[in-house]
Amino acid sequence: MDAIDLARWQFGIITVYHFLFVPITIGMSALVAGLHTAWYRTGKQKYRRMTQFWGKLFLINFAIGVVTGIVQEFQFGMNWSSYSKFVGDIFGAPLAIEGLLAFFLESTFLGLWIFGWDRLPKKVHLASIWLVAIGTQLSAYFILAANSWMQWPRGYTYNSATGRAELHDFGAVLTNKVVLATYPHTIAASFLTAGAFMLGIALWHLLRRPGENGSLFRPAVKLGAITTLVAAAALMITGDIQAKIMTDTQPMKMAAAEALYDTSAPAPFSILTIGSLDGSKEVWSLKVPHGLSFLATSTWNGKVEGINNLQTAYEQRFGPGSYKPNVPLTYWTFRFMILAGVLTAAIALLALWQLRRQRKSSKWLIRAALAVPLLPLLGNSLGWIFTEMGRQPWIVFGLMQTRDGVSPSVGAGSVLTSLIVLTLLYGVLAVVEVFLLLRFAREVPAETTEPSDPEAAEPAFLY
Amino acid sequence: MALTDIWFLLIAVLWTGYLVLEGFDFGVGMLLPFVGRDAVDRKVTLRTIGPVWDGNEVWLLVAGGATFAAFPFWYATLFSGFYLALLIILVALILRGIALEYRGKLDDSSWHRRWDLVIVGSSAVPALLWGVALANIVRGVPMGADHEFAGNFFTLLNPYALLGGVTTLLLFALHGAIFLALKTHGEVHDRALKLVPPIGLATVVAAAAFLAWTQAFDGSALTWTLALAAALCLIGALAASRFGREGWAFVGTAATIALAAATLFTTLYPNVLPSTTDAAFSLTTVNAASTHYTLKIMTWVAVIFTPVVLAYQGYTYWVFRKRLGRTDIYQPAEKVTS
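So the protein sequences, as listed, match chains A and B.
Per the working numbering, residue 1 is the first one in the first sequence, and the count goes up by one each step.
Per the working numbering, residue 1 is the first one in the second sequence, and the count goes up by one each step.
Quick caveat, the hints were computed from the structure, so don't treat them as lab data.
Possibly wrong hints are sitting among the right ones.
[As the list claims (entries may be wrong)] The calculated DSSO-like cross-link candidates involving lysine-lysine, where the alpha carbons are at most 30 Å apart (straight line), are: (1) A:K222 with A:K123; (2) A:K303 with A:K177; (3) A:K303 with A:K324; (4) A:K122 with B:K105; (5) B:K296 with A:K123; (6) A:K122 with A:K177; (7) A:K46 with B:K105; (8) A:K222 with B:K105; (9) B:K194 with A:K123.
[Unchecked claim] Computed, partial: chain B to chain A, Cβ under 7 Å: (10) P51; (11) V62; (12) G65; (13) Y75; (14) Y83; (15) L84; (16) L87; (17) N152; (18) P159; (19) Y160; (20) L162; (21) V166; (22) I297.
Ideal Cβ positions, reconstructed from N, Cα and C, are used throughout, including at glycine.
Taking the hints into account, I'd like the entire structure generated from these sequences.
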């Protein structure tokens, strides 16, 4: 493999890995802040214990999210220096603002929250975790704004003298309609992930020892399941909006998601197609007539452009070359992303239903409890792979192709070294993290009473 | 003052903030086995930086992001050029963050010992390499008209840069020792204080040699003044620590680091990355910069939000201002005797 392929693999591995932790952080920070608020308002020890239990798991996850985030910022310069030069005038600003507005907020107030337990005034302590949660939201917005600019560049002019894209309207970057749709979709996915994370662990505890764990985990099952279900509904609505915007801004991505080769009106929605997906032959397929037309255009007979027609149009606009993304990859990642979300919601609904009827534990429900935290992680990863692979060959749609963005002075040996080192390191981190998560997820926190002497109390989080 | 100059200044300030702040937590990490002889002392040692190290590290992320936004050509050339060196730093920072966060999660001595080793190594490596990197930036690198780094990993390991690395390593260790002396009482405090004279002496020698050598590149009256002021602060810090004025000693090492960074950035200006191939190929604050519009937006954001950040970071230091000792560490009843 040459430097460009290695750099692409590295970007994919590093970014997908980082994004396993980010949605949990975004969703869990808000859920933990909610539990902390319940403790603050009611003074009930139940909520203090819940805040500590879920807070600990949140922190274990947060640590890896933070350290893998450092690489994210530097790898644009390391592996994609031509890209960085070309778009730095636009792309750098949201990144820098993210650091100043979001990272400082998150890391400073997380330190205050961890070490301020029993020391800070109660209101300030509660405010700390909320500021962490707000920081994660800001962070997500600025990063998605930067990414959305790559999907659908707006608010810039191409300067042929300097050979780069130059910013002329920062407001247009921040209110790009792609980010306005992507942000709520990503946040909904994050709450689905955090809800399922809470639901799975709490359900497992509840099914094992319904009597003694009930007071601590029954409310967590409810909170997790309801969060999951509300998030799933939000995901459907925002996903639908996103699909329409995608049809408008990146028709090739929509066509690839459906493996629709010829422009059709009406276009069917393919639930499943067995075939070569290169458009040459179709062995068997299950289709919803008019489905894609509705999804893409909000009308039953709307015209949806096909891959072949778009390829011809793009060749006329951008010159010869292939403008098709990897169709099997986009087709399957799109489907399995949706499937992962639907399954997660289904398990949440069943768990809630079982709980209402006070049923005894059943084997399948325990299995579902173990699977449910993993499904959204899979869905999130597939969603991002779809989004990023669907816009290929472009790194910035219509402006710069991915192969032109790579660092000219970095050889394949260097990229391979860093690919191997980071992949191994991330592998080891995953093992340590899962080990710690499982250990703390299994440990039921002991009953505690409010300490009379805060100085002598066991810290909520050992350091 | 042109916006490009303001942004050069701001990035210098961000780097200086990073070096001053993470400098002491690198130092504390490196000194962990020397000041923490038993499990409780090591907890005291790490607790001093626990609430703040992550916030300190964000200064680096903001410096990196600001470089990308304000001087994309500097960011692109530097980070692709120093590829493997940067990779080593990133790996160290990843390991360090995980070690600091995960060490205390289990109450198990072999778990602690392993993470302690990681903390020492991953604090020392960036402490050394940031000095190497900064020295190379000031000295310049082989670079053609295309502004692409034309050297390799070993180009970066020249004697001047290595001396720069040794200087930051020692300076951060000293800064950390003085920070520990300021933030603790009892045995950790005494051991940290005892480390100050030997590390201090080595630091004075290395820093004097490094700053004098820096003057050989582009010495001016201003840089000489800054370098001399850095030297005076260093000596003042050592004197203050000898007389038990730990707060002043910490101000002294912080000022030394800030003035040394100021010397380097003043020497560098108006370049951001000089070319040793031909001065005409150097990256400067002008040819590496973003457009006026981008810089203007960034300036507004910085002007509005930097004071807010400084206020709440300062608040953190104020909240955790109390000196720590063995009695602050929670010890389960059955463990007290062991």
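A quick look at each hint next to the structure:
1. Between K222 of chain A and K123 of chain A, the direct Cα distance comes to roughly 26 Å. Compliance with the 30 Å bound is thereby established for this hinted pair.
2. Of the supplied pair hints, the one linking K303 of chain A and K177 of chain A holds, its CA atoms being roughly 21 Å apart against a limit of 30 Å.
3. In summary, the hint linking K303 of chain A to K324 of chain A is supported, as the alpha carbons are separated by about 19 Å, within the 30 Å threshold.
4. A distance of roughly 24 Å separates the Cα atoms of K122 of chain A and K105 of chain B; the hinted pair therefore holds under the 30 Å criterion.
5. This hinted pair does not check out: K296 of chain B and K123 of chain A have alpha carbons roughly 37 Å apart, beyond 30 Å.
6. With a CA separation close to 40 Å, the supplied pair K122 of chain A and K177 of chain A exceeds the 30 Å bound.
7. Between the alpha carbons of K46 of chain A and K105 of chain B the distance comes to roughly 22 Å, so the proposed pair stays at or under 30 Å and holds.
8. For a cut-off of 30 Å, the pair hint linking K222 of chain A to K105 of chain B stands: about 28 Å separates their Cα positions.
9. This hinted pair does not check out: K194 of chain B and K123 of chain A have alpha carbons roughly 41 Å apart, beyond 30 Å.
10. Interface hint status for P51 of chain B: upheld, as the beta-carbon distance to the closest one in chain A is roughly 4 Å, under 7 Å.
11. For V62 of chain B, the interface hint holds, since its Cβ comes within 7 Å of a Cβ in chain A; the closest pair sits about 4 Å apart.
12. With a cut of 7 Å, the hint placing G65 of chain B at the interface with chain A holds, because the nearest CB-to-CB distance is about 4 Å.
13. The criterion of a C-beta within 7 Å of any C-beta in chain A is met by Y75 of chain B, whose closest approach is roughly 5 Å, and the hint holds.
14. With its C-beta approaching chain A no nearer than about 5 Å, Y83 of chain B sits inside the 7 Å limit, and its interface hint holds.
15. Hint on L84 of chain B holds. Least Cβ distance to chain A is approximately 6 Å, under the 7 Å limit.
16. The closest approach between the C-beta of L87 of chain B and any C-beta of chain A is roughly 5 Å, which is under the 7 Å cut-off, so the hint is satisfied.
17. Using the Cβ-Cβ criterion of 7 Å, the hint placing N152 of chain B at the interface with chain A is not satisfied: the shortest such distance is roughly 9 Å.
18. With its C-beta approaching chain A no nearer than about 24 Å, P159 of chain B sits outside the 7 Å limit, and its interface hint is violated.
19. The closest approach between the C-beta of Y160 of chain B and any C-beta of chain A is roughly 22 Å, which is over the 7 Å cut-off, so the hint fails.
20. At its closest, the beta carbon of L162 of chain B sits 21 Å from a beta carbon of chain A; the interface hint therefore is violated under the 7 Å criterion.
21. Checking V166 of chain B against chain A: minimum C-beta separation of about 24 Å lies over 7 Å; hint violated.
22. For the restraint placing I297 of chain B at the interface with chain A, the shortest Cβ-Cβ distance is roughly 5 Å, inside the 7 Å limit, so the hint holds.
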